[in-house]
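Spelled out, the chains give:
2 protein chains.
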Amino acid sequence: MTLGQIGVVRPQRMRFTTPLPLRSGAQLAQYELVFETYGQLNARRDNAVLVCHALNASHHLAGTYEGEDKSEGWWDNLIGPGKPLDTDKFFVIGINNLGSCFGSTGPMHVNPETGRIYGADFPVVTVQDWVDAQARVVEALGITQLAAVLGGSLGGMQALDWSLRYPDRLRHCIAIATAPSLSAQNIAFNEVARRAIITDPDFHGGHFYAQGVVPKRGLRVARMIGHITYLSDDVMEQKFGRQMRAAELGYSTQDIEFQIESYLRHQGDKFSNYFDANTYLLITRALDYFDPAREHGGDLSRTFASATCKFLLTSFSTDWRFSPARSREIVKALLDNKLDVSYAEIDAPHGHDAFLLDDPRYHGLLRAYFERIAQAFEEAAP
Amino acid sequence: MTLGQIGVVRPQRMRFTTPLPLRSGAQLAQYELVFETYGQLNARRDNAVLVCHALNASHHLAGTYEGEDKSEGWWDNLIGPGKPLDTDKFFVIGINNLGSCFGSTGPMHVNPETGRIYGADFPVVTVQDWVDAQARVVEALGITQLAAVLGGSLGGMQALDWSLRYPDRLRHCIAIATAPSLSAQNIAFNEVARRAIITDPDFHGGHFYAQGVVPKRGLRVARMIGHITYLSDDVMEQKFGRQMRAAELGYSTQDIEFQIESYLRHQGDKFSNYFDANTYLLITRALDYFDPAREHGGDLSRTFASATCKFLLTSFSTDWRFSPARSREIVKALLDNKLDVSYAEIDAPHGHDAFLLDDPRYHGLLRAYFERIAQAFEEAAP
Numbered sequence: 001m002t003l004g005q006i007g008v009v010r011p012q013r014m015r016f017t018t019p020l021p022l023r024s025g026a027q028l029a030q031y032e033l034v035f036e037t038y039g040q041l042n043a044r045r046d047n048a049v050l051v052c053h054a055l056n057a058s059h060h061l062a063g064t065y066e067g068e069d070k071s072e073g074w075w076d077n078l079i080g081p082g083k084p085l086d087t088d089k090f091f092v093i094g095i096n097n098l099g100s101c102f103g104s105t106g107p108m109h110v111n112p113e114t115g116r117i118y119g120a121d122f123p124v125v126t127v128q129d130w131v132d133a134q135a136r137v138v139e140a141l142g143i144t145q146l147a148a149v150l151g152g153s154l155g156g157m158q159a160l161d162w163s164l165r166y167p168d169r170l171r172h173c174i175a176i177a178t179a180p181s182l183s184a185q186n187i188a189f190n191e192v193a194r195r196a197i198i199t200d201p202d203f204h205g206g207h208f209y210a211q212g213v214v215p216k217r218g219l220r221v222a223r224m225i226g227h228i229t230y231l232s233d234d235v236m237e238q239k240f241g242r243q244m245r246a247a248e249l250g251y252s253t254q255d256i257e258f259q260i261e262s263y264l265r266h267q268g269d270k271f272s273n274y275f276d277a278n279t280y281l282l283i284t285r286a287l288d289y290f291d292p293a294r295e296h297g298g299d300l301s302r303t304f305a306s307a308t309c310k311f312l313l314t315s316f317s318t319d320w321r322f323s324p325a326r327s328r329e330i331v332k333a334l335l336d337n338k339l340d341v342s343y344a345e346i347d348a349p350h351g352h353d354a355f356l357l358d359d360p361r362y363h364g365l366l367r368a369y370f371e372r373i374a375q376a377f378e379e380a381a382p
Numbered sequence: 383m384t385l386g387q388i389g390v391v392r393p394q395r396m397r398f399t400t401p402l403p404l405r406s407g408a409q410l411a412q413y414e415l416v417f418e419t420y421g422q423l424n425a426r427r428d429n430a431v432l433v434c435h436a437l438n439a440s441h442h443l444a445g446t447y448e449g450e451d452k453s454e455g456w457w458d459n460l461i462g463p464g465k466p467l468d469t470d471k472f473f474v475i476g477i478n479n480l481g482s483c484f485g486s487t488g489p490m491h492v493n494p495e496t497g498r499i500y501g502a503d504f505p506v507v508t509v510q511d512w513v514d515a516q517a518r519v520v521e522a523l524g525i526t527q528l529a530a531v532l533g534g535s536l537g538g539m540q541a542l543d544w545s546l547r548y549p550d551r552l553r554h555c556i557a558i559a560t561a562p563s564l565s566a567q568n569i570a571f572n573e574v575a576r577r578a579i580i581t582d583p584d585f586h587g588g589h590f591y592a593q594g595v596v597p598k599r600g601l602r603v604a605r606m607i608g609h610i611t612y613l614s615d616d617v618m619e620q621k622f623g624r625q626m627r628a629a630e631l632g633y634s635t636q637d638i639e640f641q642i643e644s645y646l647r648h649q650g651d652k653f654s655n656y657f658d659a660n661t662y663l664l665i666t667r668a669l670d671y672f673d674p675a676r677e678h679g680g681d682l683s684r685t686f687a688s689a690t691c692k693f694l695l696t697s698f699s700t701d702w703r704f705s706p707a708r709s710r711e712i713v714k715a716l717l718d719n720k721l722d723v724s725y726a727e728i729d730a731p732h733g734h735d736a737f738l739l740d741d742p743r744y745h746g747l748l749r750a751y752f753e754r755i756a757q758a759f760e761e762a763a764p
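Residue numbers (my numbering), protein chains in the order written: chain A, 1 to 382; chain B, 383 to 764.
Here chain A stands alone, though its shape is the one from the complex (with noise of 0.2 Å):
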């Protein structure tokens, strides 16, 4: 088995001219996505994987930039050639979501009805708003039936609304480290951290950019406390505990004692330097409003009727941002519609952060389902 590399990639962009209707009641007339393709759509054109990316993430899943250091994609360590998700066999999309700060439209953009910045006026966005988003350009790839939509936390979501609404264009849906609405403790801090960007004084109001600032400030307080959330309490205390930065106590309240501080400080920096209030803002609403049972009464079985395809659903068990009891309450909803579902919960110590590291036993399991996806589509070719 060869754990190639993907090697140098190249972002495209897809243009929309026909108006795409959003969940608000708003609609954006014309958009731009951005997105990565990797591997080879086969013949058969049944060999196709949409991965879909959380907050801060984007399309570019995989491979390099040529002559960017460090550029490696965001789930390097999962797809390649030989790689769990094995682009030697499966044609891998990333698409960059509406409202996003890495190249698709989004609140950075123009908006083209005022010839204006669109800040704080970019329309609200949610996961459905953005499946359907995908769902076109999968359709302009010529793709009629996708072998997996793929995500894990915000990305499950958007995986697991793939399953509900498009439920003839996926065989598989892989939704890892995610759950069927946030909880009012995910949804507190979710509103702490809009708060101190709303909040911080360069904001203006959503409007910024024509100020020529920034909201520092916040973004770096709203990473800080994101921070917190995705690493478990435990690594935490393996990783930093009490260490001290100095042998001696500074006794200030203001400079950096322990090792946690520099470490929460120097991810809220860099953050703040790359990444889009507005961005922010839009992403953290669209985790908020997520809750495909709401227009069910609440019913998660019944709100599952309408999916097809077959699951593999993941947690990690020090996840307490997305506790394996709400992956839990996704499988329990499958199994009352009698469908096909995979569930596995990995004893692993990092959090809702696991998601994106390569534990052997997470990524031995999505080697297996993939290579069963792979049987199924590599017999069924002539």
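Mixed in with the good hints, there may be bad ones.
[Said to hold, decoys possible] Calculated pairs, DSSO-like style, for lysine-lysine (alpha carbon to alpha carbon, straight line, at most 27 Å):
#1 A:K338 / A:K310
#2 B:K652 / A:K216
#3 B:K452 / B:K652
#4 A:K270 / A:K216
#5 B:K714 / A:K239
#6 B:K452 / B:K598
#7 B:K652 / B:K598
#8 A:K270 / A:K70
#9 B:K720 / B:K692
#10 A:K216 / B:K598
#11 A:K332 / A:K310
#12 B:K598 / A:K270
#13 B:K621 / A:K332
#14 B:K692 / B:K714
#15 B:K621 / B:K452
Derived by calculation from the structure, the hints in this document are not laboratory data. Note that the structure is predicted; figures quoted are calculated from it, not measured.
Place chain B on chain A using the hints.
Chain B alone, transformed into the frame defined by chain A:
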């Protein structure tokens, strides 16, 4: 059994002109402490209980203030005639800690050495400094030995410190929902809250008083983060879940959609109107620094070798801020020293907040423990 009210109480002040040396190396040349007492000190002066306060509380434990509605002390459900800490039997003392914003000398006061408001120049204070200051008040009240020192959360840390450094001055240490030190995750939450305050442009490096402003944005975010960690995931789900404010979604990133958002914003607003930003920094830092085992090579068992009093430790099953596991660390260290220790792990849904609520098992336990203490001094009385 009568559960009477204490009625109207009045805070008292004590002024100290003997300098207080602080752990940081600085010293306070002079300072005032505000305190309240409830019940009567008996002839043998052996029925006094000191109650230590946590982050946003004060010396005002019980009773009300003349002409002020809703001015009940923060532990009024526990302390009073016929209540678990029965003021018909005990003389109860509440002292506002140094650096607080509720009357004792703190950052809002004038530094006599400069004639200007301390602000960020107020020296960093530690749990040990607070306990040293409390010990002077207790001494000035003519009390050689306290029947008990009681505290929850940060107050529990003070109670533990009394047992370690003033072993002859107390017969019982009652430490509730506390920990022998903060975990990396605890410190992380404190640090995010501090950054929110310090990076608020209205903080002005901690000298905002002269500017006539208050860093309310930062205080709001800090308090919202705090509130998330005080409640359990479960109780938040039961109380708020995904309840919407309106029947229909508003599709807004800035307006309130979920009741949990409304609750958190309200708590943040309220807090930002009464709490001092510099005090918040000082108190969270005192929490971070508390780590009595540090001077004993991290060995908690060796740390408690100096203790001689009896202990009651209590924790709550759903408290993820100061989990039962942290209390058990202390219990183990006490048992290693063959100390007399009672420990109760109470199955309560309310998270860290449970220590302030009147769960019947919890209050029943405290009542029984205090009755046993009272019995001892009542039998000793002539």
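Consistency of the hints with the structure:
1. A:K338 / A:K310: Answer holds: A:K338 to A:K310 is near 10 Å, not above 27 Å.
2. B:K652 / A:K216: Since the Cα atoms of B:K652 and A:K216 sit roughly 26 Å apart, the hinted pair holds (cutoff 27 Å).
3. B:K452 / B:K652: 15 Å, holds
4. A:K270 / A:K216: It holds: about 10 Å lies between the C-alpha atoms, which stays within 27 Å.
5. B:K714 / A:K239: Given that 27 Å is the threshold and the Cα spacing comes to 25 Å, the pair holds.
6. B:K452 / B:K598: Holds. B:K452 to B:K598 sits at ~24 Å (cutoff 27 Å).
7. B:K652 / B:K598: Satisfied, since the Cα-Cα distance of roughly 10 Å is no more than 27 Å.
8. A:K270 / A:K70: Judged against 27 Å, a Cα distance of about 15 Å means the pair holds.
9. B:K720 / B:K692: 10 Å, holds
10. A:K216 / B:K598: Within the cut-off at roughly 18 Å; holds.
11. A:K332 / A:K310: 14 Å, holds
12. B:K598 / A:K270: Status holds; Cα separation ~26 Å.
13. B:K621 / A:K332: 24 Å, holds
14. B:K692 / B:K714: Satisfied, since the Cα-Cα distance of roughly 14 Å is no more than 27 Å.
15. B:K621 / B:K452: 23 Å, holds
In summary, this structure violates none of the numbered hints.
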